[in-house]
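Student: Residue numbers (this note's numbering), protein chains in the order written: chain A, 1 to 397; chain B, 1001 to 1213.
It cannot be assumed that every hint is accurate.
As the list claims (entries may be wrong) - Computed footprint of chain B on chain A, listed as stretches where at least three residues anywhere in the stretch have a Cβ under 8 Å from a Cβ of chain B: (1) 3-11; (2) 308-316.
What the hints assert, rightly or not - Sample of chain A residues lacking proximity to chain B, with all beta carbon distances greater than 10 Å (derived): (3) 252; (4) 354; (5) 372.
As the list claims (entries may be wrong) - Here are the computed lysine to aspartate or glutamate pairs in the EDC-like style, where the Cα-Cα straight-line distance is at most 16 Å: (6) A/3 with B/1099; (7) A/3 with B/1104; (8) A/4 with B/1104; (9) A/8 with B/1104; (10) A/4 with B/1107; (11) A/3 with B/1107; (12) A/4 with B/1099.
Please keep in mind that the hints were generated in silico from the structure rather than gathered at the bench.
Glycine residues also receive a C-beta, built at the ideal position from the N, C-alpha and C atoms.
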Amino acid sequence: MLKKILFKNSSTFQFLFATIGAFIGLTALLLSVQLILDVKSFHSNEEELFGPNSVVIQKKVTKLSTIGLNSTAFTKRDIEELNKKPFITDVAPFQSADFKVGISEVEGDGLPHFYADMFFQAIPNRFMDIDVDWDWNEDSEFIPIVLPRDFIMIINYGFAQSQGLSQISEDLLMQARLKIHLEGNGQKKEMIGKVVGFSHKISSILVPESFLSQANEKYGKGVNLDPNRIFITTKDNSYGELDQLMNKMNLDVSESAIDVAKIKTIIAVVIGIFGIASVLIMLLSLMGFVQYSQLVLSRAAYEIQTLLRIGYSIEQIVKTFIRQLSVIFGIITFSAIAIMVLIKLFIVDIWLTNNGITIAGTSIFITLMVAIFCFLLFIISNYLNIKKTVNKLGAAE
Amino acid sequence: MKLEFKNVLPYPLVDYKHDKQSVWSSEFKIEFPQKVLLNASSGKGKSTFINTVFGLRKDYSGEIIWDGKNIAEFGMNDWTNLRRDTFSVVFQDLQLFPELTIWENLELKNALTNHKTAAEIQVMLSLLGIGDRKDQITKTLSLGQQQRVAIIRALLQPFKLLLMDEPFSHLDENNAALALDLIAAETDMNNAGFILSSLGSTHGFKYDSELKL
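Chain B extracted, bound-state conformation (with noise of 0.2 Å):
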């Protein structure tokens, strides 16, 4: 699996200047699996970049290739095909539904593709420590909870590329360690890989390489 940009530059970041070894305006090639870290600072795009790979943004120039296809060429079966067994993501925004319960917001995932058993999902939950909380309607719970239950619903599906969008910062440094080696593992295990963008922190993490913008 393989993607690549082809100067590739969002409409809203014309007018920026970009270095040399940023992302935007060059062409690259990511070989997967791979562990990637997308370190910037607020407002060069990160999440820009996030949303463009996973199809929720089409405002740039340039051409995105996954796979030896041009991205925007896909039409909305095959993105949700694609969001179903090959990219998954944990948004910035957690993107959770506030009215379910943590359990009905994993379940729903999970319903898609079966991924998990039900005591998997129970243990990724007690491994990121909110196993008892599972019944707690979502929008009442604090932003770091909230954040733990949008990773591990990221991990309900079968992937290829996993892309995270400051996963951590609502967690402290040994919960965000212990979410990342959660997502290693799982990442692992779907012979994938991820990309994870941060305000700066590596969370003492090993990636394989370094994006930047």
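Chain A with its partners taken away, still in its complex shape (with noise of 0.2 Å):
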């Protein structure tokens, strides 16, 4: 009966106005927040090898180098001016194997016969974000190596068709061990090798640092190369900072290492504009909403007065008015985040899945968190304006 008398002459287009606001303001900004957060957590398949950020670099190449008076290699110098920057976090050339390398299949364990002229690189171990255990001694059972995506590509779309093969699926080269054979300094070794993983980074067979570094000893001709590609890590959204860097050193990076890494920045600055916007959309819904509790309270002013001299307390008043408010609020935090899931699901997941980026941890813990501050900040900001005016009226009397 107390909601009936203090609500009669609440205005319903203030009150829808205020709703409306407040409910658009709030999914925009819950969903802002969870775009920001799955933004985050983006991920290509390649940092699932390499962790987030990294980036292959090569000098490029040019009519120069082709007639060998420019090379592409990267000098002592190159790296440490490399490693001075400061969105670059990590720098490291890659090792490359001083001998001869070939693969072919092992029989019977269901690939093709085939064979192919390879070559060996090594980065750090720290570079390395494999499931597997990517260490390597000699007591190890094979040589876990990582193959170029393309690899698996030629052998299907070219190789296979051209020689009447069947085609071989990344799971079942997975599971198949491989020989390697290695040759060079007058020795020739045949060791199994299984692939743990594919990369679009790099275009040799990746083994880990400490089987690289002992296969060079032993089958090595001894000459220390200067390296001509380097693994580095960036600092996140960095993007920018590395393109101008790329253009002033006259380097090369694949553009597909970099397309997360591109997709993250823009993205991030399109999201935290829309957030922005929603945070403000947000401030005027509650302001908007503390002016039609205003405007309710004002024009229930008689009603207010007369309960308070026939012995209500104001907190009673109060609470009438935020039980109200919480359920109306309570609406909006809910629907926001309903939508903001449904967004989330049924359109943003499934344009990223289109777009080939997946999305690690997908929690809307924090999100949800955000929605319950919101609800908790509409309600206290609510309170304290509510128990002002009553406050005020109650002293008027």
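Hey, can you piece these two chains together into the complex? The hints should help.
Tutor: Have a look at this one:
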């Protein structure tokens, strides 16, 4: 009954306006929070191998380098210079095999017969973010290797077709063993290798550093070449700076490798602006609600004063208002969360999947906390406002 | 329970010449239970008296002491509690909720203390001749009927002092007498007292004492 008298003069227009504003604002806010969290967890398949934000860079091959006048190798000074850049967190040159490598199938493991000349490279273990045991020692059962993704494409769409062989899947290749042929220094050896991952970034066979060091010693010519490819890790959202540096130093970076970094940066900026806008909408709608309750209170001034005169307490009246607003804003918050989840599941996630971007750990926990925070902020600010106004009315009688 | 006035003078009445027996600018005590008539012509401050004792007006000099305590020192919470179980009031302008039905108006008050049962409220309505109107919207009632609702509302709580500001101004003598009987009975039941302001008529009732303004 208290509700009936206190809200009898409430304006539906004002209320509708504030409700829609709060709903849109909160939905937009939650959506941008969730998207920012999702963007942070963007990763491509590469990142499963190398961790986030890692890029392979090399010097551009020019006409001069082809005729041997311009080296594509990185000197020590080049590497030091890269190391000094604030947005680059880690730099490591590739270690290359100094001997001949070939791979072929192991009979009976389900692969068609093939033989390919290959090239081994290694990067420090700290760059390898891989589930399997990447370390290698003399007792290891097999050499873990990461193949270039193009390799399987060449086998399936070139080699297999032209030779009338069956195509193989990534899974099959990862289950099968491979024969590794090492040759150099007058020695030959066959070892067993196993594919543990595929990479776009590295177009040679990646093996553990410990293995390559030993093999180089044994089969290598003992020449220490300057590396011509470097593995770097950058800070989040530093795509722009990396791009500038690439241009300045005449460096090359595989486009696909920076795609995710690029997308992350761009989306982060767009969502950031969207997020700021939604915070503003939220604050405006909060003000709208405060004004709405102010209006309701001033229209119910007679009722409030009379209630106080017949023995109702300020707390009882304030509670009636807050209970009502809690229900309204509870519904708003709940619907905003529901809409946010629907948009995320049926629009954003599907779009991302179609564009080859996977999201790790899509928890909405933080977004829910933000929603609860907004709810509390709303209730508390309205509570303080209503309490102040009712007190004033009580004192004015 | 004792109500004391010590040199009380409302600011709006400062320039007005008061009689020797007037409650303004004098010292007096009323011990309750006692039924008091506050008789004065218009403009002498009857409503001011009621509203000041009820804590609604604070624009006066002097001290009003209730039960040994200066009422000027009561806070909002004290007044809330006093208005639930110590002071009850019938306002001159009634202060009902016009959009609510009679029953809702009464229920709103009774809900605070559950002083009366629904059956008891029904009996009171019937006694004052509006028993068949309880579901009518209050603003559609005549002023006399509304006045009776306000009187019943004032009785739906425990009280020590019932303040009534011209409660029978829209009632005929017969209905006023019925209402006054009910009020007196309830007052006795609460072992309480009342102060009833009137424009001169005693409504044929024998009061314990009389105050002048």
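Student: Please list, smallest to largest, the hint numbers that this structure does not respect.
Tutor: When the structure is compared with the hints, none of them turns out to be violated.
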